[in-house]
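Letter by letter, the chains look like this.
Protein chains: 2
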Amino acid sequence: MNYSSKILEKAVAEVASLPGIGKRTALRLVLHLMKQPKEQTHRLTNALNTLVSDIKLCKKCFNISDTEICEICANPNRNNKVICVVEDIRDVMAIENTAQFKGLYHVLGGKISPMEGIGPHNLHIEALVDKVKNEEIEEIIFAMSSTMEGDTTNFYIFKQIEKYNIKTSTIARGISVGDELEYADEITLGRSIVNRIPFEKSL
Amino acid sequence: MNYSSKILEKAVAEVASLPGIGKRTALRLVLHLMKQPKEQTHRLTNALNTLVSDIKLCKKCFNISDTEICEICANPNRNNKVICVVEDIRDVMAIENTAQFKGLYHVLGGKISPMEGIGPHNLHIEALVDKVKNEEIEEIIFAMSSTMEGDTTNFYIFKQIEKYNIKTSTIARGISVGDELEYADEITLGRSIVNRIPFEKSL
Chain A
1 MNYSSKILEK
11 AVAEVASLPG
21 IGKRTALRLV
31 LHLMKQPKEQ
41 THRLTNALNT
51 LVSDIKLCKK
61 CFNISDTEIC
71 EICANPNRNN
81 KVICVVEDIR
91 DVMAIENTAQ
101 FKGLYHVLGG
111 KISPMEGIGP
121 HNLHIEALVD
131 KVKNEEIEEI
141 IFAMSSTMEG
151 DTTNFYIFKQ
161 IEKYNIKTST
171 IARGISVGDE
181 LEYADEITLG
191 RSIVNRIPFE
201 KSL
Chain B
1 MNYSSKILEK
11 AVAEVASLPG
21 IGKRTALRLV
31 LHLMKQPKEQ
41 THRLTNALNT
51 LVSDIKLCKK
61 CFNISDTEIC
71 EICANPNRNN
81 KVICVVEDIR
91 DVMAIENTAQ
101 FKGLYHVLGG
111 KISPMEGIGP
121 HNLHIEALVD
131 KVKNEEIEEI
141 IFAMSSTMEG
151 DTTNFYIFKQ
161 IEKYNIKTST
171 IARGISVGDE
181 LEYADEITLG
191 RSIVNRIPFE
201 KSL
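So the protein sequences, as listed, match chains A and B.
Once you know that position 188 of the first sequence is 188 in this note's numbering, the rest is easy, because the numbers rise by one and skip nothing.
Once you know that position 13 of the second sequence is 13 in this note's numbering, the rest is easy, because the numbers rise by one and skip nothing.
No wet-lab data here; the hints were simulated from the structure.
Check before you lean on any hint, since a few could be wrong.
Facing chain B, from chain A, some residues (calculated, C-beta under 7 Å) [as the list claims (entries may be wrong)]:
#1 6
#2 43
#3 50
#4 64
#5 93
Just so it is clear, the structure is predicted and the values come from calculations on it, not from any experiment.
Idealized CB from N, CA, C, for every residue including glycine.
Only chain A is shown next, with the shape it has when bound in the complex (with noise of 0.2 Å):
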């Protein structure tokens, strides 16, 4: 591409450079900013700043937040002896908008992937283990993604705090509400009809 301009070209390359965005998209995003009043884009580059300089990660439960203790972690009706274990901060607000959860979290910061490189000291698996040692934990929910790697990295926990018996559970897998049987994969399908519930509590 001849961009004609130094300025444009390295505007265009460092949008391009992130993930799933090509160069004609990074080209059509910087050809709207310069149409646009300069104050929309110092408003974009000041909130990118303080993104980058000021969220801190919750001491607690190692969710993001603006403070040293997260929203969550620092809400005294949330119940403090149920945690769910998650892999991501977006699970976090994926079941938060369920408003059917109302423990804590406890953030990992990815799964176990010998592939990738990440081991069991990579993620916050031992912060996990010394909350269920010294606080008053009741249970353990894990809510990983149902792959190999989250399915490892359940049962690496799952060995750490097996000793301190304390109830753990994973969330339901199954179809999904409003799903079809015949488009559901065998896994999932096999896995619903073996873990079937009562049809009383269905309801």
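The hints should help you fit chain B onto chain A, whose structure is shown.
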């Protein structure tokens, strides 16, 4: 969405204000930046800030430029008697990529579109007419998009410069190189038959 962080929420909202970027994509991009070294975000934001503060429009052709007069207009090897009229700086890039045009450009900055409230006075048409009047122009090539607005713009400019008796042309419309006739739309195919060229010229 519950972002559990005002800083994150603001960054996502700003990124999502870009065209074609939804909240989910914005969140993905922002979380990506958070995982990268801070320097990457600073490079991105600096490039964008520099863009909106330093980039200029060439005083002669209204192409974007790092300098008062753009590289193309300043190049003594280009034919300054032939001017290609385009809508947008992206069109300049597209034509430059073909390496088939050695004249200069004139970027209108849009096309006449009463529906969008864009009249001739919102475009760089007057400067083009002045060029035709005051400089030794031999040919004006209209390379606007082939839409009603593009045709209207061409016609409006043509009427303004008709009296100066210079050669005017439009870029050829026809079947794309490599395309199958059966998939071409009727208007394009029809035009390409009407505007057929001598066979020996197509070699």
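The hints, checked one at a time:
1. Hint status for residue 6 of chain A: holds, given a least beta-carbon distance of 6 Å to chain B, under 7 Å.
2. This hint holds: residue 43 of chain A has a C-beta 6 Å from the nearest C-beta of chain B, less than the 7 Å allowed.
3. The beta carbon of residue 50 of chain A is positioned within 7 Å of a beta carbon in chain B (closest approach about 6 Å), and the interface hint is therefore held.
4. Interface hint at residue 64 of chain A: satisfied, since its Cβ lies 5 Å from the closest Cβ of chain B, which is below the 7 Å cut-off.
5. The beta carbon of residue 93 of chain A comes within 6 Å of a beta carbon in chain B, closer than 7 Å, and the hint placing it at the interface holds.
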